[in-house]
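Engineer: As given, the protein sequences belong to chains A and B, one line each in that order. Using this note's numbering, read the first sequence as starting at 42 and increasing by one per residue. Using this note's numbering, read the second sequence as starting at 289 and increasing by one per residue.
Incorrect hints may have been included.
Said to hold, decoys possible - Per the computed footprint, the stretches of chain A lying under chain B, defined by three or more beta-carbons under 8 Å from a beta-carbon of chain B, are:
no., stretch
1, 84-98
2, 124-132
3, 137-143
4, 342-355
Claimed, not checked - Derived contacts from chain A toward chain B, CB cut-off under 7 Å, selection only:
no., residue
5, E102
6, E147
7, G289
8, P290
9, T318
Think of the hints as simulated: they come from the structure by calculation, not from any bench. C-beta atoms are modelled at their ideal positions from N, C-alpha and C, and glycine is treated no differently.
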Amino acid sequence: MGGPALSDEGERAMGVGNGVGEARGVGDGSRASVDERVVLAGIPLRNAVLTASGTFGYGTEFAPFLDLTRLGGFVAKSLTLEARHGNPPPRIAEAPAGMLNAISIENVGVKVFLEEKLPALPEGVVVIASAFGTEPGLYAELVARVTAHPRVAGIEINASCPHVKAGGIEFGQDPRLLAELVAVVRKATTRPLLVKLSPNVTRIADMAKVCEAEGADGITLINAIQAMEVDVERRRPVLSNILGGLSGPAIRPIALRMVWQAAQAVRIPICGVGGITCAEDAVKFLLCGATAIQVGTQNYLDPTAAIGIARGIADYARRHGFERVADLTGALLPPQGK
Amino acid sequence: MLGAGAEGGAVRRDPLLPRPMAVYRELGPMAAGVEGAAGERIVEVLFRVVGRGTALLADLRKDDRVSLVGPLGRGFAQVEAEAKIAASAGPALLVGGGTGIASLYEWARALASAGRAVTVLIGARSAGDLLGWSDYAALGVEMIGATEDGSAGIKGLVTKPLEDRLRKLQAGRDATVYAVGPTPMMRACADLAEAHAARCYVSLENPMACGFGVCLGCAAPRRSGGFALVCRSGPVFPALEIDWAGLP
Chain A
42 MGGPALSDEG ERAMGVGNGV GEARGVGDGS RASVDERVVL AGIPLRNAVL
92 TASGTFGYGT EFAPFLDLTR LGGFVAKSLT LEARHGNPPP RIAEAPAGML
142 NAISIENVGV KVFLEEKLPA LPEGVVVIAS AFGTEPGLYA ELVARVTAHP
192 RVAGIEINAS CPHVKAGGIE FGQDPRLLAE LVAVVRKATT RPLLVKLSPN
242 VTRIADMAKV CEAEGADGIT LINAIQAMEV DVERRRPVLS NILGGLSGPA
292 IRPIALRMVW QAAQAVRIPI CGVGGITCAE DAVKFLLCGA TAIQVGTQNY
342 LDPTAAIGIA RGIADYARRH GFERVADLTG ALLPPQGK
Chain B
289 MLGAGAEGGA VRRDPLLPRP MAVYRELGPM AAGVEGAAGE RIVEVLFRVV
339 GRGTALLADL RKDDRVSLVG PLGRGFAQVE AEAKIAASAG PALLVGGGTG
389 IASLYEWARA LASAGRAVTV LIGARSAGDL LGWSDYAALG VEMIGATEDG
439 SAGIKGLVTK PLEDRLRKLQ AGRDATVYAV GPTPMMRACA DLAEAHAARC
489 YVSLENPMAC GFGVCLGCAA PRRSGGFALV CRSGPVFPAL EIDWAGLP
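In isolation and in its complexed conformation, chain A is listed as follows:
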């Protein structure tokens, strides 16, 4: 490691419950020179840090830990038309520098989300709804209902759902299915539309191009990587579902690679996600072409993580002479010696 990037030592000051740092709000005089605002897929954000779907509940769970209005925004738990129970336990397992989960989109359903969860959020919180379904028509119906609510700033569709009629293959794993899905959902909403792509593909750039061609306003990548863990003493899979999704720092370099590849292939903005634990991680995604980032698994360890990461990104920008965080997007230099 070398160079001027943020050190772990620098991160330490942003740890859990660091009340001193918390008191420094956006617009603080010491940081007036850096404009933290970014625009993601047409959604204006006060900073480049969102929190990832499935790791942030419906937002209210985090209200005891942080001021939700200081986030760039958050992507709510993926919704289905009806409420859904998840998989039986065990649902999670620890992995090297990460974790596996197989929750299976347990959620309150779109009605409770719109009538109870959204109104419980403070004014000024940027909420992106996440939609999940087993057929394009179900996604579209859900997206249309969510679109009608004034508190929804944008919609992210979770394209990692198996398409029932296509034999259970994930929408995000087949360019033709993905094209059909994005086209149908696009017709159902005028709101900013992000597509969260599955990393379980050979060529992520192809999937990104499909989203762009079908009218998506942006893409989010990556979702968890399909994985498995085994309990050798019991001679059984650890998860009741056998397969789960790997998340956490273990997947960060893969996510970074995919963001970089997608950024070479499309012009629509990218929201980078995958194993981000600190501002240094986040900056890597921005440099590789992401317009904004999402914090996921780290929210479990440190529910205030996103706030510290936003502050750390601004600090990085200032130290490196960038007036706007938005200018970090794609600012990666060529390899040394080229």
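Assemble chain B onto chain A, guided by the hints.
Structural biologist: Then chain B, alone, in the frame of chain A:
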């Protein structure tokens, strides 16, 4: 949720997740002289080293940094107060298996100071694993020990003396069992309590990533269908609410 910091206090990325821990004892306020912490409360946690995470916690030295999110969840007092069945003033039988006794000490103390007849039954593999004995004994409560190898107390599982006691207590009608330990032990306690018409509460120890209701990893199946989150609705539950067959 408790996690060990990395070298120099930096963010630790492996093992990643903090560990759900019960507060074993609440000690008095912090003595003066600890910078910035005078008057803060001291809590004690009690755990067994089972893997890398607990090994790191066990290696902590004075002034090492930890991450802590808590207190979280609902304890015995709160869950019992909100239960559909009115709390009993009768005998309280606290059953702790292994590190399960870490979740019962403060409750034993509260019950004892409220004047309830408290019996603490502690089960372990062998004498060396019988944790917390002297701490509990200092509360002045009745103590019964059981070890699987018979090296201390009654030989066998702790559920044996529990059954004997429930039988003696006029078919257990007034008694309440509070059980924490391995799932098979808690299930056996729940079955015994039900058979003897006693109330029973358990504190579940499902793995969890967050502790505050968002990872949804700690779901426990309910007898009435669906799942309850151990972190948020529990970890203490009326034993009758749990679908024990569905709990790994």
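Engineer: Classify the hint on E102 (chain A) as holds or violated, based on whether any CB of chain B lies nearer than 7 Å to its CB.
Structural biologist: Since the shortest Cβ distance to chain B is 5 Å, the answer is holds.
Engineer: Checking C-beta pairs, does the stretch 342-355 of chain A have three or more residues closer than 8 Å to chain B?
Structural biologist: Check passed, 3 qualifying residues.
Engineer: Was the hint right that G289 (chain A) lines chain B, CB cutoff 7 Å?
Structural biologist: Hint on G289 (chain A): holds, closest Cβ of chain B at ~5 Å, below 7 Å.
Engineer: Does the nearest C-beta of chain B fall within a distance shorter than 7 Å of the C-beta of E147 (chain A)?
Structural biologist: Hint holds; E147 (chain A) Cβ to chain B Cβ min 5 Å, cut 7 Å.
Engineer: Are 3 or more residues of the stretch 124-132 of chain A near chain B, judged by a Cβ distance of less than 8 Å?
Structural biologist: Holds: 6 residues of the stretch 124-132 of chain A have a Cβ under 8 Å from chain B.
Engineer: Confirm or reject the coverage of the stretch 84-98 of chain A by chain B under the rule of 3 or more residues with a beta carbon closer than 8 Å to the chain's beta carbons.
Structural biologist: holds (count 3)
Engineer: Holds or violated: the hint that P290 (chain A) contacts chain B, with Cβ atoms closer than 7 Å.
Structural biologist: holds (4 Å)
Engineer: Would you check chain B against the stretch 137-143 of chain A, counting CB to CB pairs closer than 8 Å, and say if three or more residues qualify?
Structural biologist: holds (count 5)
Engineer: Quick one, is the T318 (chain A) hint okay against chain B at 7 Å, beta carbons?
Structural biologist: holds (6 Å)
Hint compliance for this structure: no hint is broken.
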